[in-house]
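Student: Using the hints provided, position chain B relative to the given structure of chain A.
Protein chains: 2
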Amino acid sequence: MANMGLSNVKGTRDLPPEDMVNRNEAISILKRIFESYGFQPLETPGLENWEVLSAKGTGGRDIIDQTYNFKDKSNRSIGLRYDLTVPLARFIAMNKQLAMPFKRYQYGKIWRYEEIKKGRYREFYQFDIDTIGTDSMLADAEIIGCAIDCTNALGFRDFNVRINNRKLLDSLLIYAGVEKSKLIEALRAIDKLDKIGVGGVKAELSQCGISNGAIEKIMGFLKISGKPDEVLKKIEKIAGENDGVKELKQLISYLVMMGFKSKYVIDLSLARGMEYYTGPVFELSYGSIGSIGGGGRYDRMIGIFAGSDIPATGISFGIDRIAELRKPQKIAVTDVFIAVVGDVLKVALAFCRKLRKKGMNVEIDLLGRSLSKQLEYANSRGIPKVIVIGEKELKTGFATEKDMKTGKQRRMKI
Amino acid sequence: MANMGLSNVKGTRDLPPEDMVNRNEAISILKRIFESYGFQPLETPGLENWEVLSAKGTGGRDIIDQTYNFKDKSNRSIGLRYDLTVPLARFIAMNKQLAMPFKRYQYGKIWRYEEIKKGRYREFYQFDIDTIGTDSMLADAEIIGCAIDCTNALGFRDFNVRINNRKLLDSLLIYAGVEKSKLIEALRAIDKLDKIGVGGVKAELSQCGISNGAIEKIMGFLKISGKPDEVLKKIEKIAGENDGVKELKQLISYLVMMGFKSKYVIDLSLARGMEYYTGPVFELSYGSIGSIGGGGRYDRMIGIFAGSDIPATGISFGIDRIAELRKPQKIAVTDVFIAVVGDVLKVALAFCRKLRKKGMNVEIDLLGRSLSKQLEYANSRGIPKVIVIGEKELKTGFATEKDMKTGKQRRMKI
Numbered sequence: 017m018a019n020m021g022l023s024n025v026k027g028t029r030d031l032p033p034e035d036m037v038n039r040n041e042a043i044s045i046l047k048r049i050f051e052s053y054g055f056q057p058l059e060t061p062g063l064e065n066w067e068v069l070s071a072k073g074t075g076g077r078d079i080i081d082q083t084y085n086f087k088d089k090s091n092r093s094i095g096l097r098y099d100l101t102v103p104l105a106r107f108i109a110m111n112k113q114l115a116m117p118f119k120r121y122q123y124g125k126i127w128r129y130e131e132i133k134k135g136r137y138r139e140f141y142q143f144d145i146d147t148i149g150t151d152s153m154l155a156d157a158e159i160i161g162c163a164i165d166c167t168n169a170l171g172f173r174d175f176n177v178r179i180n181n182r183k184l185l186d187s188l189l190i191y192a193g194v195e196k197s198k199l200i201e202a203l204r205a206i207d208k209l210d211k212i213g214v215g216g217v218k219a220e221l222s223q224c225g226i227s228n229g230a231i232e233k234i235m236g237f238l239k240i241s242g243k244p245d246e247v248l249k250k251i252e253k254i255a256g257e258n259d260g261v262k263e264l265k266q267l268i269s270y271l272v273m274m275g276f277k278s279k280y281v282i283d284l285s286l287a288r289g290m291e292y293y294t295g296p297v298f299e300l301s302y303g304s305i306g307s308i309g310g311g312g313r314y315d316r317m318i319g320i321f322a323g324s325d326i327p328a329t330g331i332s333f334g335i336d337r338i339a340e341l342r343k344p345q346k347i348a349v350t351d352v353f354i355a356v357v358g359d360v361l362k363v364a365l366a367f368c369r370k371l372r373k374k375g376m377n378v379e380i381d382l383l384g385r386s387l388s389k390q391l392e393y394a395n396s397r398g399i400p401k402v403i404v405i406g407e408k409e410l411k412t413g414f415a416t417e418k419d420m421k422t423g424k425q426r427r428m429k430i
Numbered sequence: 017m018a019n020m021g022l023s024n025v026k027g028t029r030d031l032p033p034e035d036m037v038n039r040n041e042a043i044s045i046l047k048r049i050f051e052s053y054g055f056q057p058l059e060t061p062g063l064e065n066w067e068v069l070s071a072k073g074t075g076g077r078d079i080i081d082q083t084y085n086f087k088d089k090s091n092r093s094i095g096l097r098y099d100l101t102v103p104l105a106r107f108i109a110m111n112k113q114l115a116m117p118f119k120r121y122q123y124g125k126i127w128r129y130e131e132i133k134k135g136r137y138r139e140f141y142q143f144d145i146d147t148i149g150t151d152s153m154l155a156d157a158e159i160i161g162c163a164i165d166c167t168n169a170l171g172f173r174d175f176n177v178r179i180n181n182r183k184l185l186d187s188l189l190i191y192a193g194v195e196k197s198k199l200i201e202a203l204r205a206i207d208k209l210d211k212i213g214v215g216g217v218k219a220e221l222s223q224c225g226i227s228n229g230a231i232e233k234i235m236g237f238l239k240i241s242g243k244p245d246e247v248l249k250k251i252e253k254i255a256g257e258n259d260g261v262k263e264l265k266q267l268i269s270y271l272v273m274m275g276f277k278s279k280y281v282i283d284l285s286l287a288r289g290m291e292y293y294t295g296p297v298f299e300l301s302y303g304s305i306g307s308i309g310g311g312g313r314y315d316r317m318i319g320i321f322a323g324s325d326i327p328a329t330g331i332s333f334g335i336d337r338i339a340e341l342r343k344p345q346k347i348a349v350t351d352v353f354i355a356v357v358g359d360v361l362k363v364a365l366a367f368c369r370k371l372r373k374k375g376m377n378v379e380i381d382l383l384g385r386s387l388s389k390q391l392e393y394a395n396s397r398g399i400p401k402v403i404v405i406g407e408k409e410l411k412t413g414f415a416t417e418k419d420m421k422t423g424k425q426r427r428m429k430i
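Those protein sequences? They're chains A and B, same order as listed. All residue numbers in the first sequence are consecutive under the numbering used here, ending with 430. All residue numbers in the second sequence are consecutive under the numbering used here, ending with 430.
Because the hints were derived from the structure by calculation, they are not lab data. It is possible that part of the hints are untrue.
One copy or two, it doesn't matter: identical chains are merged, so the pair holds either way.
The list that follows gives simulated cross-link-like pairs (lysine-lysine, PhoX-like), each with its CA atoms no further than 20 Å apart [stated by the list, open to error]:
#1 K418 with K208
#2 K250 with K133
#3 K277 with K362
#4 K249 with K72
#5 K125 with K239
#6 K277 with K370
#7 K374 with K47
#8 K279 with K373
#9 K250 with K239
#10 K112 with K389
#11 K89 with K133
#12 K373 with K47
#13 K370 with K424
#14 K346 with K424
#15 K265 with K183
#16 K211 with K134
#17 K262 with K362
#18 K418 with K389
#19 K401 with K389
#20 K421 with K346
So here's chain A without its partners, still in its complex pose (with noise of 0.2 Å):
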């Protein structure tokens, strides 16, 4: 056994405390802002009916290709949740006497068989607030700043919101040309820019037999971005007020109002993968890392599973990446390493309890070390102070606190 070849499963990972403290930061960060916006806190399994996972209009075929289904030892259907959009819709279906609007937030592991790359795993974590139950462009702009204020509390500077809105994209793809048939096979063009490029979106659309000039007016309406006013008058002018613009217009109002007067802008090129999106789209982009997170409104979704329509509008922040990207403060808990020399453990581990009752998060020795083995370790993990306890502590009834650091020393009663 000791050669079996130990290893995690093909793309999933530890995390190890080095990560773990920073990520349980950011973790705390977000959940701090999103309860400031009375988001309440949910869980669903990790394991859904693969009747929920695989139906028509949730993640879409891309999605259900990657997702782990298996048969539980009853012969049933089941599967790996691949997000946390799809078991919220069946929450909300399955509890009909839910106050409305509802709004939630959940953080939890998602399962997607994907290729692997550099930071992209098979089993990851999401973040996500969504609210229900209502259709206001108030219920997406609170979305927005709430995200914005996130970034904020995290300390990101080269950060920005992009907007879109998938009513626009369906009117101006309909005005270049495409026909309705073909609309979402377009959008799953255009979501593959950043991945593909321009030439490689004109090539998809081709293939899915939308004219040349049509394609060159859709790159045209795509390079189209920036500031909310400037973008919305640009479309207007080619496409007129549509539903589309109207609900962008009501959404940069409310955050105007909000406050919010920077941080996002309009991008055409957005189009976001999932199929269930039907207004508003957004994402989370972090200078030249690109996106940390998105959403948008999905409308019908919940549809799906509920029989009649409930509004629904949210955002998931990719925590893996955003937990890289801080600068991590500190990589251990451990505030203080008690070091203990000599036959002094009964007033060691009284001192040990009184430290810990206190609030202060402190280890001793367990291994009966030498002192010098004993800094070493403290000294590998990142402890940033050391008390020793010694035969003279144990006399004179003060001990030296060491800050491993600055080397800047305290006596303290023991």
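Tutor: Okay, now just chain B, sitting in the frame of chain A:
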């Protein structure tokens, strides 16, 4: 699709906000205490290679039978973890550079295809602490002390830790006349005492081929339980000072040094199900409810993966039960609901953001409802305070905050 018999996967459940608010509080409390002992956060994947999950010497036959296993899309045998300890062992074996002792906590979902009973699910949560790399009983004492501190912080009064030792159990079984080859089966039978009663255990021991005389002796031992000093004296009279007794004595002396003088008993009927235990075993026992967690020392399990033994001890908190046993302090995260009447949205939204920035959790009407409908909503959601903003408030610049329980009102500047 509306008729698809919408449901959770059998044996799984959603945790709605009113449960999650309470659960998150319990998690915060445990996390704070764990960190005060210097335990560091770790995450491992839900998916593990089947080779790891089914390795001999890990969970044992019964657990492996209950484990979800399947093939991924490249035909690899994988499965869902049935505990957090086996993945930890795999992690330790894969990371031999880790400074020892390695103390970690982990919260996460686990999956077991068990019979479904009240309060028993196929997807549930554990919250574990483990100390790796030391065979000192001080590590076991820390685990027990930490558990006692946790239950105090949770406000659990009628609580104690039952302690036993596998080495002691083995030697008592041998002393009673059980053959060495039958020890594991005998332990498995004893572990079922709470479920199948004295008669059931006797029958199972008999089925193992253990003589009636031996069974009577064993049943006599299992009755021994109580204050550590008294129990230890009794055992020494019967079986002399064997390794199990030595370990228990040391463990208890450390607990006393740390300042823990009550809330634990030695109970010879405690066996614990997992096969991997090698020394002290513990169970967290809450009044008439029974077990809310348990664990023990497993000095040989990591060696299955690492090639050579690495000592370890730990405990798992049944966080599902713990959360249910806590009296919920509140059901909503939201502190204040802002009710909006008339054409005042601009002021209301700016005020809302001001309160959020101050650290308050605030919701504002997203549905353009009548005042009475807004108050009804705030009430049904359990939001404790409401601030009404209408044209009058706009003129005067002052609004009234109303406590929804007491009816008390407070004037405040917008």
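Student: All hints, please: hold or fail.
Tutor: Evaluation of the provided hints:
1. K418 with K208: Neither, since 55 Å and 51 Å both go past 20 Å.
2. K250 with K133: Answer is neither: 38 Å inside a copy and 62 Å across each miss the 20 Å cutoff.
3. K277 with K362: between (61 Å within a copy, 14 Å between copies)
4. K249 with K72: neither (36 Å within a copy, 69 Å between copies)
5. K125 with K239: neither (35 Å within a copy, 45 Å between copies)
6. K277 with K370: between (50 Å within a copy, 15 Å between copies)
7. K374 with K47: between (26 Å within a copy, 15 Å between copies)
8. K279 with K373: between (44 Å within a copy, 18 Å between copies)
9. K250 with K239: Classified as within; 12 Å inside a copy, 85 Å across copies.
10. K112 with K389: Classified as between: cross-chain Cα gap 18 Å, same-chain 61 Å, threshold 20 Å.
11. K89 with K133: Only across copies: K89 and K133 sit 17 Å apart there, 33 Å inside one copy, limit 20 Å.
12. K373 with K47: between (26 Å within a copy, 14 Å between copies)
13. K370 with K424: neither (23 Å within a copy, 41 Å between copies)
14. K346 with K424: within (19 Å within a copy, 44 Å between copies)
15. K265 with K183: within (13 Å within a copy, 73 Å between copies)
16. K211 with K134: Close inside one copy (14 Å), not across copies (49 Å); limit 20 Å.
17. K262 with K362: between (73 Å within a copy, 19 Å between copies)
18. K418 with K389: within (16 Å within a copy, 61 Å between copies)
19. K401 with K389: This pair counts as within: shortest intra-copy Cα distance 15 Å, inter-copy 56 Å.
20. K421 with K346: For K421 and K346, the Cα distance is within 20 Å only inside one copy (13 Å; across copies 43 Å).
When held up to the earlier numbered hints, the structure conflicts with 1, 2, 4, 5, 13 and fits the remainder.
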